[in-house]
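Student: Each chain is listed here by its residues.
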Amino acid sequence: MTDVSILDLRKTYPGQAQPVLDHFSLSVHAGELVALLGPSGSGKSTILKLITGIETPDSGDIQFNRKTILNTPPNQRGAVFMFQKAYLFPFLSIAENIGFGLKMQNASKATIQAAVKRMLDLIGLPGIEKRKPAHLSGGEQQRVALARALVTQPRLLLLDEPLSSLDTAVRANLQEAIRRIQRELGITTILVTHDLSEAMSMSDRMALLLDGQVAAFDQPMRLFQHPPSEQAARFVGINTFLRGEVSDGCLRTDLGTLEVCPNRSKPGPGVFAIRPEHIRIESNQRPNALPGIIKDCTYHGEYVEYQVEIPEMSVRARVPMPTEMVPHGAPVHVIFPQEHLFQIKNA
Amino acid sequence: MSQRLSTYTLQLLLYGVLATPLVLFAVYAFSERWFFPALVPQEWTASPFARLLSDRRTLQGLGESLSIAAAASLLSLAISFPAARTLGLRAFRGRQAAWLAFFVPTVVPPLAIGMGLNIFFLQIGLAGSMLGVTLAHLVPTLPYTIFTLSSVFARYDENYEHQALALGANPVQIFFRITLRLVFPGLVVAGLFAFLISWSQYLLTLLIGGGRVLTLPMLLFSSVSGGNPASIAALSLLFVTPPVLVIAATARYLGQHGAAVQEQY
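Here the protein sequences come in this chain order: A and B.
To convert, note that position 161 of the first sequence is 161 in this note's numbering; the numbers rise steadily by one, no gaps.
To convert, note that position 129 of the second sequence is 129 in this note's numbering; the numbers rise steadily by one, no gaps.
Hints in this document: simulated from the structure, not taken from any laboratory.
There's no promise every hint is true.
Cβ-to-Cβ under 8 Å is the rule here; a few derived chain B residues that face chain A [to be verified]:
no., residue
1, 159
2, 160
3, 162
4, 163
5, 168
6, 169
7, 170
8, 181
To give an idea of the chain B side of the interface with chain A (calculated C-beta under 10 Å), a few residues [stated by the list, open to error]:
no., residue
9, 157
10, 165
11, 166
12, 174
Built from N, CA and C at the ideal position, the CB exists for glycine as well.
Extracted from the complex, chain A is given alone in its bound form:
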């Protein structure tokens, strides 16, 4: 079992003025799956390249079990990875591909053969030893790539958007498979993705990467429901922010006064946020509501998304399983349930 510490890492690519990563630190517990979530260009793939040794950092340290690995050659670090493409060696059979890592360690034929069989059983594709990569589907190729990566019992598994070129059904299937195998083997894993739902469904903890730094790092549920900053909140799909003065369990805004939970709010100027799923739309006046006008509504099956204009701001609300839709232009009351309004800590 290996834990990973990334300490104050900085990386600048040649010919670029700005570093991709600056003061980047992250610690991953042994056996944990951590997702790095960020927009493209946030430097998340660079971190994986630095860990494997394909790139070298300007400064900072990467440690496995409290020992630096920066002086270890890339082929001895025991950090394997899986990309968006499987990169199976096209001229080798499936068995030869999976056995590649063991062959590099001069393992015996019998050992390799047994290991290949065990890995094929693990990924649920027994009996395809003799086939060539070109004859497998995209999802099967990724499974084989996973088997090839794990056959040497590496210290660390790095996943760089491994599923983003697959269609939805295959993808969900593989997400489960990867998670199951990862838990079964207890291998420390870092997953890089730009897909929020993938990060949440697969990870033990997830880190939001913005501008080369960790903007938030927590369990998926906590990050999703109570993001610590406005930036992080926007990233997990929150776009309703109410600014005002907090006192006596009330938030006084320019638009009106809303009740908030007194034990979860700090007096003084503050910013409150709410998830779109928690906002309700009613035609009659209710407590803790602000008046508005429906600007747009979109039917998504599982929910209807409303865009409601309340003076000087636009609120997005998701109403689950609706039986009827409020028409465009209708005057409504937007309810902000007290228990779901939360204060942004780092406002």
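For this one, chain A is given, so just place chain B on it according to the hints.
Tutor: Leaving out everything else, chain B in the frame of chain A:
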């Protein structure tokens, strides 16, 4: 239907144009007596071939041509490989200039290069040797191998090597087990070019070899000035056979393996 017919006609025409000189050579090489106005020779014979093959110089020419062409191709590939990899995969300052510099030998008259090289090779004792001629042949072959291989590397994906690296392979293992296997079809094509260019080289062989290195083109030229059509034809046939065999083998290899590797990219 008519479209298919015209395609066939075109193909027939093309093959006809390509094959006619060869057929003519063959007819000439086997004719004993052939006078106007006969359409085919009046008497056939194999004696020009017998004569040719019993001549020690023919076998020597064939041997030297084959060794020089093979050595020049392999050397050319070995030198081009790192150059092409850098040109194809890396963006660096002066890339355009390097590109242009590799092109220069194809536009400078071979006579100028040959004269210069000859003086230099005389000084260092390479003139008149097989090694000298082989090195001289690199001048025209290198541009072709470099350009062929750099287009291969322009489409090359280094992530295959990164995978092998992460799986524990060392640089030597990566080179022989991954890189070489992935670019092998490209190496075959580049090697073919180098072989053909070296094979038909006359001027550089003459200048650097100084008559002591005897390749088939040298023999062919002296036989042309000798003026016996049957001997010229027989020697020409012998001259075109190895390249045709090499091209056929390459085409066959690429037909079987090129496509399978290509579809992975």
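Student: Is the hint on residue 170 (chain B) kept, meaning its closest Cβ partner in chain A is under 8 Å away?
Tutor: holds, 6 Å
Student: Can we keep the residue 159 (chain B) interface hint, with Cβ of chain A closer than 8 Å?
Tutor: holds, 5 Å
Student: Any CB of chain A closer than 10 Å to the CB of residue 166 (chain B)?
Tutor: holds, 5 Å
Student: So, residue 165 (chain B) near chain A? Judge it on the closest CB pair being under 10 Å.
Tutor: Given a least distance of 5 Å, the restraint on residue 165 (chain B) holds.
Student: So, residue 157 (chain B) near chain A? Judge it on the closest CB pair being under 10 Å.
Tutor: holds, 8 Å
Student: Would the hint on residue 160 (chain B) be counted as holding, given a Cβ-Cβ threshold of 8 Å to chain A?
Tutor: Since the shortest Cβ distance to chain A is 5 Å, the answer is holds.
Student: Let's test the interface hint: is any C-beta of chain A closer than 8 Å to that of residue 163 (chain B)?
Tutor: holds, 5 Å
Student: Double-check residue 162 (chain B) for me: the hint is only fine if its C-beta lies closer than 8 Å to a C-beta in chain A.
Tutor: holds, 5 Å
Student: Does the interface hint hold: is residue 168 (chain B) within less than 8 Å of chain A, judged Cβ to Cβ?
Tutor: holds, 4 Å
Student: Going by Cβ atoms only, is residue 181 (chain B) closer than 8 Å to chain A?
Tutor: holds, 5 Å
Student: Could you check if residue 169 (chain B) really has its C-beta closer than 8 Å to a C-beta on chain A?
Tutor: holds, 5 Å
Student: Holds or violated: residue 174 (chain B) as interface residue toward chain A, Cβ cutoff 10 Å?
Tutor: OK, holds: residue 174 (chain B) within 10 Å of chain A, min 9 Å.
Against the hints set out earlier in the document, no violation occurs for any number.
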